[in-house]
Every structure is written in structure tokens, then in C-alpha cells.
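There are 2 protein chains.
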Amino acid sequence: MFTPRGFKFAGVHCKIKRKRKDLGIIFSEVPCVAAGVFTTNVVKAAPVIYDMEILKKNPNGIKAVVVNSGVANACTGEQGMINARRMAEKTAEELGVPVESVLVSSTGVIGVQLPMDKVENGIEEAARVLSNDPLPFAEAIMTTDTKVKMHSTKVMIDGKEITVLGIAKGSGMIHPNMATMLSFITTDAKISEEALKKLLKLSVDDSYNMIDVDGDTSTNDMVIVLANGLAGNTTIQPETDGFWKLYEAVHEVNQVLAEKIVEDGEGATKVMEVHVINAPDIKSARLIARSIVSSNLVKTAIYGEDANWGRVIAAAGYSGATFDPEKLDLFFESEAGRIKVAENGQGVSFDEEEAKKILSEKKIRIILDMKQGKETAKAWGCDLTEKYVEINGRYRT
Amino acid sequence: MFTPRGFKFAGVHCKIKRKRKDLGIIFSEVPCVAAGVFTTNVVKAAPVIYDMEILKKNPNGIKAVVVNSGVANACTGEQGMINARRMAEKTAEELGVPVESVLVSSTGVIGVQLPMDKVENGIEEAARVLSNDPLPFAEAIMTTDTKVKMHSTKVMIDGKEITVLGIAKGSGMIHPNMATMLSFITTDAKISEEALKKLLKLSVDDSYNMIDVDGDTSTNDMVIVLANGLAGNTTIQPETDGFWKLYEAVHEVNQVLAEKIVEDGEGATKVMEVHVINAPDIKSARLIARSIVSSNLVKTAIYGEDANWGRVIAAAGYSGATFDPEKLDLFFESEAGRIKVAENGQGVSFDEEEAKKILSEKKIRIILDMKQGKETAKAWGCDLTEKYVEINGRYRT
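Residue numbers (this note's numbering), protein chains in the order written: chain A, 1 to 397; chain B, 1 to 397.
Simulated from the structure, these hints should not be mistaken for laboratory data. Since no wrong hints were added, every one of them can be taken at face value.
Because identical chains share one entry, a pair is satisfied inside a single copy or across any pair of copies.
Below, computed lysine to aspartate or glutamate pairings styled on DMTMM-like, alpha-carbon distance capped at 25 Å:
(1) K387 - E263
(2) K371 - E78
(3) K356 - E386
(4) K283 - E252
(5) K57 - D324
(6) K15 - E89
(7) K201 - D281
(8) K198 - D158
(9) K387 - E305
(10) K327 - E53
(11) K56 - D324
(12) K357 - E390
With these hints in hand, go ahead and build the complete structure from the sequences.
Here's what the structure looks like:
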């Protein structure tokens, strides 16, 4: 894992959870330009409301993010807001930075107040053990995740080597009260506030916003990007060459993390990747890709290894996009091969044995060629299994 | 079951399906004013496209509906349109009525052409056995439904006794390629075309449009109302006294049928009824009720008899409606009692034993009091079970 210059990480166990690490800090030696994308849920957790305010006031002066897992600090009213602010204050005290330079994040059960004594002890300890190793932080933000989710890459811009490192969590298949998706991207690129905002929005629309585990949007979802400028490149402005180079790097990180989130669910046995190609416009392409990947009927068909093309076409049809259904070609693809199952909106005869072989793989691509434009979109999801129902039916608040 | 004056029904087995009845006709002795609401899916089955055209051209002259089950005639291209039209022609020939007075409907597997020889034999036979008994028709439109779905009521308008009879099918839990929702309402009321259209739209918005079985919208869904005027009342005009009286009767029929559709699914063990009350506006009330009833996490919680209020609040939050989450009160209710689980958007302590007892019933009401307006909406759905996944994962195209 590459670590961008000037960032330090920590993850500790402060006993919000019984055994595993539950509190983490990211710290930058110098102030960062920061941008965030937050849950669209009307019911927003206290840290989400807190961070939106901080990023409005101080987008060029962020020095730290403090995150706890185990308790979401959502549906917690006024006391929740006081606790979110206290997390920032305590972190600022321990790190010797201004309060308004600290962002806060939580993930875990809804409707429970944070145990602030434990949280404050955790912050003290984490501030003492900051290091170049991002792994303890990645572990500390996990809830029901079974795997750590990190990805990094490097890119040359303006003769300078720039590093991008992303750390995420999210696992909707298991205890979905804890299904929050969190992602923290750090980079040593130098970039303007406007450019960073634009870049993050563009990338999120084609990564985290295109994954579906169970269709339910958490109260705590957030993606934060911190750029501390230590690579020493000329400040990147919107839609310049440097902008697109950094975009590619950040987007690689976000797409890899989004796929890792989809892959990681005990209930899931398969990953679906839906490609919508030759769509009339980008909005329709995205609507259709998301609709297919979110359909319970498509999810169960993939689980059952059934080349049920009618369900895919129907899901495209109710996506909300307007299009000519009589132009659609549909393919299923995997390591084992590729098969055409529909042409011009109608089924074609295909070898059931071959289809079965293709669908028996772990990663299935569903390719919908709309033949009515040039836009494309990709979405990722997983299958729907008895295990999902079992786990979510049994889970107790 | 009350039957409106002048309507006759038939249902026969013409071997599209192996054993059960698969072709039905509704016939009115005199021309009907007719209105229809059709699937919003962009991918529309041939009979849907055909009927939309007929109702545009001839809304005051409908005399019959012919319906087959077993094959949906969806994703069947030009041949599908030819076959839909041929069903109407054959029915018109056998009944001695104009072709443009016949509506067509299909439900069953997608992507397969109708076996027209069997269908035509079925139409011949059905036309011969028309009677006052609606039961054979109700049986003939079933696919994976385990129960016949009919409801009738009477209302006095203008000194005349008016009868409304509805016959429906729909069962998304089992073989969802056949999950089409069909509903045919017959009445002997005399009503203007404009009034009938308005009345149907109003009622559908608060009945069929508020049920969720698996979130997937069929290519074949349709609701048709036929009014033949034989009750002899003065023609009902929009928003008169008579209009609202007939609305109440039709709406009773539609709500009962909608609930029967939700109840009938082998995979389902419980029915949920979501009441959103004191909402800021009707659109928000409906969005929120539908969002809750469609949430996989709420569905599995109900299945698991878990008073997981956080999932309900979160589903309200991502519904797309804008509201103040800090005003929400939430209750679970059933035959066994009623319990408050959240107040002003936050959890309240409640007796877990009592909650368990309430949620162990077959019919669960979730009541969300928004305390920010006067509008209400109801939605119906069922739980999500391992059985649903098992059935849909195994089902083969």
C-alpha cells in the first residue's frame, strides 16, 4: 500500500465493541483541501450534519478525521450533536489543532448514544499511536465487514509523483443497521477546492453511487477526500490535464473500493457487474444499470444461475428511463465465456448448458447493448440469498 | 358474490397450461364505457399496447375482454402484436361484436409466442359457456396464485342499486415471471367517460399502486373498469355526489383485491400495512409508505419479528420525500396490541416481550405519525423470507 506524504493513521480498541478495534484517526501534518459527499437520506446521523457544516466553513483547513465504529450516532437528537462535536473537540485537543479542522464519522447501530468516556479514552490513545501504516485505521472502521478495504495508486502530474490512498468500509449483507458505507481518500496532490469538489462528485457518481447491496440507503454514508498538497505540483484547476490525471487515479481507487464493498457480504455468493452500453444518454444508462443490479428478481436469478433474460429486460423497463425496448441486445458473460440471450428485445435460442456454465462462475457480467446512442454506465451488485434473509431476519436491534 | 346486470363470464382450459383453466372472457350485453390503467414499464407486453390503442379509439363501445394465462405475450415483437390482435378478432367473431369492442390481456412467461391454435379453440369454447357466474373467469386468469381473488359490493345512487364486481390475479412471491397484476372491474353504473377515467385513476393510486411484493413492475400489469349503464341511473359526472358514492364502492373493491394480492404468496408469512399519518402532503405520504413497505430490511425485520424501528425510519428517510425527521413517532400494532417504539425521531424504551408478542401476529401495522401536516397514506406488503429466495432462485425460464 502506498501512503501519501504527510498523512498518519491510527486505529485502537476503546471498548465500544467487545473485541475488535473501534476508533481511528487520520491526521495530516499540514492543512488539507477537503471535499465530501454525504448520504441523501433525509434522516442524517449527527456526524453527517456536523461535517457538512465544517466543510462549508473550512474546506481548506482540514487536518484530521476521527471515526468510531459500533455506534452510528444516528436518531440520537440533540445529545447526538453534542457528542459529535465533543469527538471533534477531544481530537483537536489531543492533536493540537483547531476544532474546525476535524471531521467526525460514525458507523454502527442506530438510536444509541455514544459511550463518550470510552470514545474520549480511545481518541487519547489513537493520537499517541499515529504512524505511516493505514492498516489499524482500516480495521477500526469495520463493522460487519469480513475484509479490510484499501487501495492505493500513483500518478505523475506536472513532473511530481502523486499518491492516492483510499480506505473504506461497508457490508450491507450482514447486519444492515451497520451497513453504512464510509470511504476516506487521502492524497498529497495540490488542488483547488473547486477542482477537488468537482472531481469527487464525478467519481462518486460512477463508483459508490452505482453499487447496490440491498437498496437501503444508510443514515451515515460518507465519502471524504483530503488533499494536503505535499507533492508540490502546481495547484490543479478544474478540467485541466492534471485534473483528469488525478481524476483517473482517484477514480481507480474508488471503483476498486466500491467493488470490494460489493464482494464482501457473507450472504453473497456472486458479484454482478452490469454494463449498459450504447445508451441514448448518461442519465438513462445509469438509471438502467442501477435498476438491473437492484432488482430482487435479477439477484435471485443470478444466485440460481438462471439465464432469466426477461427479468433483466423488465428491470430496464421500470428504471424510469425512456428508451426503445425493441432495440435491446442482452448478453451474459463470465470467465467461462459469453452468450447472447436476447436480440432486439426478444429472446434468441441459446445453449442452456453453455449459459449454465457461464453463470456458475463467481463474477457475472450482464451486458445490455441498447443500440440507441453512445453513452455507457457500469453498476455493481451481489446476489440475493437465503443467507441474507436468515441473517437480517435474525438480527436484533 | 354480486354480479352487475348484463355481464357474463367464462373460463376454460385450452391447454396453454398443463392442467388448470387458462382462458377467460368477460362479455357485456350492451356497450360499456371503459377506462384502463396500464404498467408504467417501458417494456410493455403486446396486449397492453393493443388495449391502450383501443381505449383511445373506442372508450365508449367496449363489449368484451379476453384474457389468457400461461404466456405473457411480452418481448414477442411483431408476431406478438399480430397474435394480440388475432385474439381480439377471434373473440369478436365468436361473440358477434366489432373487433374494436374487444380488449385483450395476457399473463404468464415472458418471451414466448402464444400457441394461437389452442388460444383460438379456447375462445370458441369460452364464448359458448358464458354465464352469470364469475368464478370460472377468476380461475382462468390465475397463474401462481393460490387463491381466487374476487370482491363485490352494492351502492344506491340516484335511487338505483348499483353493483360493482372486481376480479384480480397477482402473486409476485412465487414465479415472478408470472407476477403480473391484472384486475377487471365490472359495474352496471351509468357514468361518463371522463368521470370513469378520473375515478379509476384516483382509486388505483390508493390501492394497486400502494402494494409491493418484490418491487419489480411487470410488463403486463393492467386494471380495466367496464361500466355498462344498465342500472339506469342518471349519467354520473366528475366530482358529483354520485361520483363519490361510486368511487367509494369501486375503491372498496380495489383495496380488498390489493390486499388479497399481497396476502397470496407462498413465500410470505406476514402481511404489513403501513399507515403514514399527519404527513405534510399526499405525495410525501405515499412515497414514504411505499418506501417502508418496499424495504428489504423492513421486510426481513417483520419476518424475524424484530421491532427494528431504525430500519423503518431510515426507509422513510430515503423515500425521496422531504420532511423533518425529528418529529416522527413510530408504532407497531397488531391484534395483540400496540407499542410506541420511537418518538420525535429517537428510540424510546419499550417492553421487548410485548413487542415480540405484537410482531408474532400474521398482520402487522406500522404506523408512522409524522406530526407535520394532515395527509395520510396506506401501503401494503409482505415479508421477505428464505422461501422467496429459494423459489425465485430455482425458477427456470
